[in-house]
Structure formats: structure tokens, C-alpha cells
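Read top to bottom, the protein sequences are chains E and Z.
Each residue of the first sequence is one higher than the one before, counting from 1255 in the numbering used here.
Each residue of the second sequence is one higher than the one before, counting from 22 in the numbering used here.
The set of hints was computed from the structure by calculation and includes no laboratory data.
Hints are supplied without guarantee of correctness; some may be wrong.
So the derived label-pair ranges between C-beta atoms look like this [what the hints assert, rightly or not]: (1) G1278/E <-> G184/Z: 34 to 40 Å; (2) T1283/E <-> T166/Z: 55 to 61 Å; (3) T1256/E <-> V148/Z: 17 to 23 Å; (4) G184/Z <-> T1283/E: 17 to 23 Å; (5) P1258/E <-> A200/Z: 22 to 28 Å; (6) V1275/E <-> V148/Z: 42 to 48 Å; (7) D145/Z <-> L1279/E: 35 to 41 Å; (8) L1279/E <-> L180/Z: 40 to 46 Å; (9) T1301/E <-> A118/Z: 47 to 53 Å.
For the chain E half of the interface with chain Z, some residues (derived, Cβ under 8 Å), not all of them [said to hold, decoys possible]: (10) P1258; (11) S1293; (12) V1300.
Virtual Cβ for every residue (Gly too), placed ideally from N, Cα, C.
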Amino acid sequence: MTIPAGQASASFDISGVADGVSDGLVQVTISGTASGFNSASGRINVTDIDVPTCASRA
Amino acid sequence: MPASVTLALGERNAVFSLNPIDNDLLDGTRRVVIQASASNYATVSASIDVLDNDSASLVLTAADAVVTEGAPSPATIGTVSRSPVTSRAMQVSLTPASPLSTPFRVTIPAGEAFATFNINASDDGFVNGTRTASLTARIVNDVGTIIDEGAATVSIQVLDNDGPTLSFSMASDVVAEGATVSATVYRNTDPAAALVVSLSSSAPGQATVRQA
Chain E
1255 MTIPAGQASA SFDISGVADG VSDGLVQVTI SGTASGFNSA SGRINVTDID
1305 VPTCASRA
Chain Z
22 MPASVTLALG ERNAVFSLNP IDNDLLDGTR RVVIQASASN YATVSASIDV
72 LDNDSASLVL TAADAVVTEG APSPATIGTV SRSPVTSRAM QVSLTPASPL
122 STPFRVTIPA GEAFATFNIN ASDDGFVNGT RTASLTARIV NDVGTIIDEG
172 AATVSIQVLD NDGPTLSFSM ASDVVAEGAT VSATVYRNTD PAAALVVSLS
222 SSAPGQATVR QA
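All chains should be modelled from the sequences, with the hints used to inform the complete structure.
As C-alpha cells, then:
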């Protein structure tokens, strides 16, 4: 992404991926790097929307 | 001035003297209202400005001509001196330019010639290089007014302690699968040119990033 000339910041979106797996809360680190800059990082918790399911065996 | 005057029989006026009192106070120009009243006559008044013949001047110095942003307190020590030295304490108003900070006021004790105070330089978090910041000391006169007469200024060089750095803010630190949270990336440098920032996720299978 690009921070435009004349601006000190730019917006972006962080999206949780619906992975279809019951994997609970997952902590993800988002990083931002640019040449000549100290990098930025932030943590976000991705909450699970999947619940364990039971399947009957024939 | 006299408490009363007498208009002699046949006279339409009387002359009297006004004698300003030398109070040895730094109290600036004061407007004085003179009133005259007599039985069966309407009261009349007139005003006159009494100029102050007292003055003082300050000298302001800093122990260091150069300080660094975010240096431990105190970054340096300021000294404000007065002339003449009197038996009364003197309040001095301090006005620092950013990023310097000082006490709002400092008192030179009665009979003393000077007072010292801490000078600090706040860390503004921006890459803005070495710059010069001024600090001005003004006398608070004996009636509590800050006056420019006798003021003193010192200039201090402030070194930048910041390097080019990116930072984030996020609308939330939680996002559900299938949902989106907005975030912002900031730079602390001169924004004259566009800057390409690479964004990444430590777990792309769990969270992804894209420009809004």
C-alpha cells in the first residue's frame, strides 16, 4: 500500500479469514515495513466462528 | 493632594497640586480618578495617569546551549537574574517555545538576585531535525501584571532523537472470521513524498491485510 504524498497516514483493512476450522482464538501479528523506516507491528485476535460438529458413523 | 480646597468669595475656581507618591513598587502606569464634591453641587471628576518611575530588568541563561528531545529531567537548568535586587520577592513568568517546557512561573526570593528552574525538552515523536527554541522570561509586576519591559530571552538548540518510524492504530484488537477491522499506518517524517509500505500478516490463513 502507499501513504500518499502530503499525508502522514493511510488506512487499510484487516480481515479475519473464515477457514471453516474450529481453531478457537488465534493471535495474529500485522507488520508494516518501508525502506529506511523502523517497522510497525500490531496484534489482533481472530475469533472463531466455527463450532465443533459431530458426525454419526453409519 | 489636599483633602479639601476653598473657593474664595468671588472666585470661580481654586488651584491645588497633585503629588504622585513614589511607592518603590513595580506597578506600571495607574489611572487615578480625582473627585470633587461640595454641598448643593454636583460631584465632578477627572482622571490622571500616574507613570511608574520604578523599573527592573531580567537576564536569562541556560546551563546548556544544546539539549536533546526526551532527555531525562532536567535537560538543562535555567537561571533568571534581576536588576536591581530588592527586599521584595519577584515573580517571573516563563514562556517556552515547543518542545521546551519549564515551570509556569518562578520566584526570585526577597533579597536574592536570581532563581533557577528546570528546562526540559519533550519528545514529539517526529523526525524534524535540530531546531532552535526560545525561552522568554517576563516580570510579573507588583500588581500581578506580566510586563514586557525588562524581559529576557534565551535560545536553546534542540536535537532530534527520532528516527523514521512507522506505527499502527487499529479500530479493534479483535476481528471475527469473515469480518473486517479498519486500521491506519502512520509515518513520523515529512510527508512531502509518497511512501510505499509493505503490510504482512504472520498468519495469512487467519487474517489478511489490504489497502482500504
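Hint by hint, here is what the structure shows:
no.: 1; hint: G1278/E <-> G184/Z: 34 to 40 Å; result: holds, 38 Å
no.: 2; hint: T1283/E <-> T166/Z: 55 to 61 Å; result: holds, 58 Å
no.: 3; hint: T1256/E <-> V148/Z: 17 to 23 Å; result: holds, 19 Å
no.: 4; hint: G184/Z <-> T1283/E: 17 to 23 Å; result: holds, 22 Å
no.: 5; hint: P1258/E <-> A200/Z: 22 to 28 Å; result: holds, 27 Å
no.: 6; hint: V1275/E <-> V148/Z: 42 to 48 Å; result: holds, 44 Å
no.: 7; hint: D145/Z <-> L1279/E: 35 to 41 Å; result: holds, 37 Å
no.: 8; hint: L1279/E <-> L180/Z: 40 to 46 Å; result: holds, 45 Å
no.: 9; hint: T1301/E <-> A118/Z: 47 to 53 Å; result: holds, 48 Å
no.: 10; hint: P1258; result: holds, 5 Å
no.: 11; hint: S1293; result: holds, 6 Å
no.: 12; hint: V1300; result: holds, 5 Å
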